[in-house]
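The listed protein sequences correspond, in order, to chains A, B and C. In terms of our numbering, the first sequence opens at residue 63 and continues consecutively. In terms of our numbering, the second sequence opens at residue 63 and continues consecutively. In terms of our numbering, the third sequence opens at residue 63 and continues consecutively.
Rather than coming from a laboratory, the hints here were simulated on the basis of the structure. Incorrect hints may have been included.
Identical copies go unnamed one by one, so any copy, or any two together, can satisfy a pair.
[To be verified] List of simulated lysine-lysine pairs, DSS-like, C-alpha gap at most 25 Å:
| no. | residue 1 | residue 2 |
| --- | --- | --- |
| 1 | Lys285 | Lys86 |
| 2 | Lys325 | Lys159 |
| 3 | Lys239 | Lys261 |
| 4 | Lys159 | Lys86 |
| 5 | Lys285 | Lys302 |
| 6 | Lys86 | Lys239 |
| 7 | Lys267 | Lys86 |
| 8 | Lys302 | Lys325 |
| 9 | Lys86 | Lys365 |
Quick caveat, the model's predicted, so the values are computed rather than measured.
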Amino acid sequence: AQSSVTLYGRLDLSINKPTGSALKNMSNGSGSRFGVRGVEDLGGGLSAFFNLEHRFDADTGAQSAGPVAAGNNANAAPLSRFWTGRSIVGLQGGFGKITLGREYTTAFLMSQLAADPWGWDTVVSGTPTGGLNQLITGGAIARVRNDSSLTYNFSAAGFSLGAQIAESSDTINKFNKRPFNFAVSYAAGPVALMLGYEKTGQVQKDSAKWLTVNGTFNLGAVKLGALYGKGNTDAGADHKSYLLTAVAPLGQGEFRASYGRLKNETANVDAAKGFAVGYHYALSKRTTLYTDFLRNTALATNKTGYDFGIKHNF
Amino acid sequence: AQSSVTLYGRLDLSINKPTGSALKNMSNGSGSRFGVRGVEDLGGGLSAFFNLEHRFDADTGAQSAGPVAAGNNANAAPLSRFWTGRSIVGLQGGFGKITLGREYTTAFLMSQLAADPWGWDTVVSGTPTGGLNQLITGGAIARVRNDSSLTYNFSAAGFSLGAQIAESSDTINKFNKRPFNFAVSYAAGPVALMLGYEKTGQVQKDSAKWLTVNGTFNLGAVKLGALYGKGNTDAGADHKSYLLTAVAPLGQGEFRASYGRLKNETANVDAAKGFAVGYHYALSKRTTLYTDFLRNTALATNKTGYDFGIKHNF
Amino acid sequence: AQSSVTLYGRLDLSINKPTGSALKNMSNGSGSRFGVRGVEDLGGGLSAFFNLEHRFDADTGAQSAGPVAAGNNANAAPLSRFWTGRSIVGLQGGFGKITLGREYTTAFLMSQLAADPWGWDTVVSGTPTGGLNQLITGGAIARVRNDSSLTYNFSAAGFSLGAQIAESSDTINKFNKRPFNFAVSYAAGPVALMLGYEKTGQVQKDSAKWLTVNGTFNLGAVKLGALYGKGNTDAGADHKSYLLTAVAPLGQGEFRASYGRLKNETANVDAAKGFAVGYHYALSKRTTLYTDFLRNTALATNKTGYDFGIKHNF
């Protein structure tokens, strides 16, 4: 059975000062992980696949709950989910791809995540939960993963489509309705366009939802990007956001920059606002040294964050 | 060291309505698992072996406690047992096989489990705990695994013998005495006969025990089977059960059927009674699609259960 | 990615009677473990490495906290640390080796552990926590591992140097200061000399610290060793210890013996005092059968301990 399994993972540790905290410490730069995955060819164009992914804090070795959107902790008992990153099995063929289990929302994977040059990682987006670009792209509404979900994906001629429904199993956080989300993307030459929409299933005064439209244009020397987001929380607060991004190859590494804002229109206050820059230097395809710097001026204190880290994939 | 380890596992998810519940949901069809095992040749016919098996709920990625017999939750703190499926090391040679650690009871592995065409899996037997055939074959008394156990196995000329003693370590559920169990089996041509007996160590008014005698006859087109079970709970209730089974190869799959009953003779009520049918279609040796249907008329409501699932071994 | 990962582990179970307890049971002889590790060649003499190590109790399959020094439980919530054995990533080159994460203290790895013929394992040192040689070599002060640590190692011409600082993250047990430790060792021909020093960061009346000086002399037929330890607890109690050891190859195995003492000079009482002997027989390079016997006369009752075990590495 050995040959059918790929073991993979990541350790990512940085010495950082996150925004919103005076603490300087060593912690996960992105979600450190340990996973197994495999694909079985069933013949006739059909294949079965699975993926299990455990997340942990590399500074202590402790099991972690993985990134969840601020204000939307969907995990009633996060520590009980050992495979919190992913726990899926499915079939793939000419009809597309059907996935069962604990899986990323399509809106997250195909739009929200893709819009952030940092991929919801580092002190810019993910350390700790509630980093600047995570708030802007997720709107403090979006849910990263759903338990007991059924996901459908299809790709052809540059178009990709994804849709997901899930069980309304999280009663603690008022996720009383079936979570639902979909996303579409289109890529042609230097252009990529994405749209993601989700209803998280969290319902109180209103039904929480989050829409993002984003795109990138690759000029070669630099890849420019933009996102526009709009939605409301279950408490009925309207959220709007935008993000402008630039990613440029530089030596053996990559320079990243972004500027954006998430505004609570109902309360007329910024939830997040500011810029971030970073340089990620590849020692190899698998090992990266990086440093980042950001300002979130929506915060009253500790507006500045930075990190120095090492990310090692295996 | 890599070459000496085999990584294996299973993801099994079904959309199901279990008996005894109105809930329709996505959940484990059988125990989803992740394991490592290996055998080392020590020369002279001697070998060392080990097996670690983690169990989880594939719909959420959460660590699970694995199947335990109804009314006999032997796990004081199930979530702390990461390798709840199995945690064993041992030696094997001409003298037989000696196993130390957390291991299946011999009565479960060689008789109770073998009697159920569903192998304690799917909505018929295992989803949720307390499915129809699990109750009938386990008598609502049997214990699936024991911690800190010492197991001996020997096989020759169609005969197999197993015996196990374990520590009386579970004080919470009144397992005050050393669990003890043994099993014998005999296979010759189309015939297989099995007997399992266990004292669970759970003692209150009486010492809980469970005896099963079962056999199968392979006619080629169909394999017929029967089980008779008898024992008593620690509260002194006499339990009796029988199960009739048929398994027939059908196309790329297998048709399964059973009818049986578990009766509490002391209270003169049925604990479980009914039939089950299922069709398990093999997409490959490793991947199966299945559907099952059952009726448990001993229940006051929600007597019907069914499932549609995918089981993928790796 | 598979090729870059080595999966390894150990199951070690013994039937034992530890000192300080009347209990005879089956339990871990040494820390049973499951780990992954890898090294990536980055070119130019530089390499990246990682190591994740999970610890568990092989008798139950339960996640364990790993060995911690008596009186110094540094783990606020040990069960949340799945990779409690190790969780590290780092770079190695001509400059030495830099390690980030949850790592052994250098004083433990290079001096305290090296001084004990049993390596903090078996009923002699590690079953349960607080065995005789663990107390003597660790002084009931030393801390085995630190979270969020930065470790530097360098080796050349028989000399090795290690130094570590870590976060003062464990507020529950009064680890209010940054843990710090260093160690040096020298090996030439039959002689090996080691020194370890650590301040655990645990501060109350005093700052807890522990110094060990030890060495071995290999006569061929037997390797003799000695350790001297000195330090104080955070409560201001002065601890002093010594240990004399002998290890002799004998047939396919190894005979081990030690005599030593840990004294609380402030209270003028022995914390541990006695001898231990053991024979560890190698069935192969990976599989060992062993038996040990010890007396700890500093205990009021249950001064005697013994074990019979099997240790299987994979």
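Cross-check of the supplied hints:
Taking CA atoms no more than 25 Å apart as the test, Lys285 paired with Lys86 passes in neither setting, with 32 Å inside one copy and 47 Å between copies. Proximity of Lys325 and Lys159 under a CA criterion of 25 Å is satisfied in neither setting, with 36 Å inside one chain copy and 46 Å between copies. When the C-alpha separation of Lys239 and Lys261 is checked against a cutoff of 25 Å, the pair qualifies only within one copy, where the shortest distance is 9 Å, while the shortest distance between copies is 47 Å. Proximity of Lys159 and Lys86 under a CA criterion of 25 Å is satisfied inter-copy only: 23 Å between copies versus 44 Å inside one chain copy.
When the C-alpha separation of Lys285 and Lys302 is checked against a cutoff of 25 Å, the pair qualifies only within one copy, where the shortest distance is 24 Å, while the shortest distance between copies is 65 Å. For the identical chains of this complex, Lys86 and Lys239 are inter-copy neighbours only, at 15 Å across copies versus 40 Å inside a copy, given an alpha-carbon limit of 25 Å. Neither within a single protomer nor between protomers do Lys267 and Lys86 lie at most 25 Å apart by alpha-carbon distance, with minima of 39 Å and 27 Å respectively. For the homomeric pair Lys302 and Lys325, the shortest alpha-carbon distance inside one copy (5 Å) is at most 25 Å, but the shortest distance between copies (63 Å) is not.
Only within a single protomer do Lys86 and Lys365 lie at most 25 Å apart by alpha-carbon distance; the minimum there is 14 Å, versus 48 Å between protomers.
Hints 1, 2, 7 from the list above are not met by this structure, while the remaining hints are.
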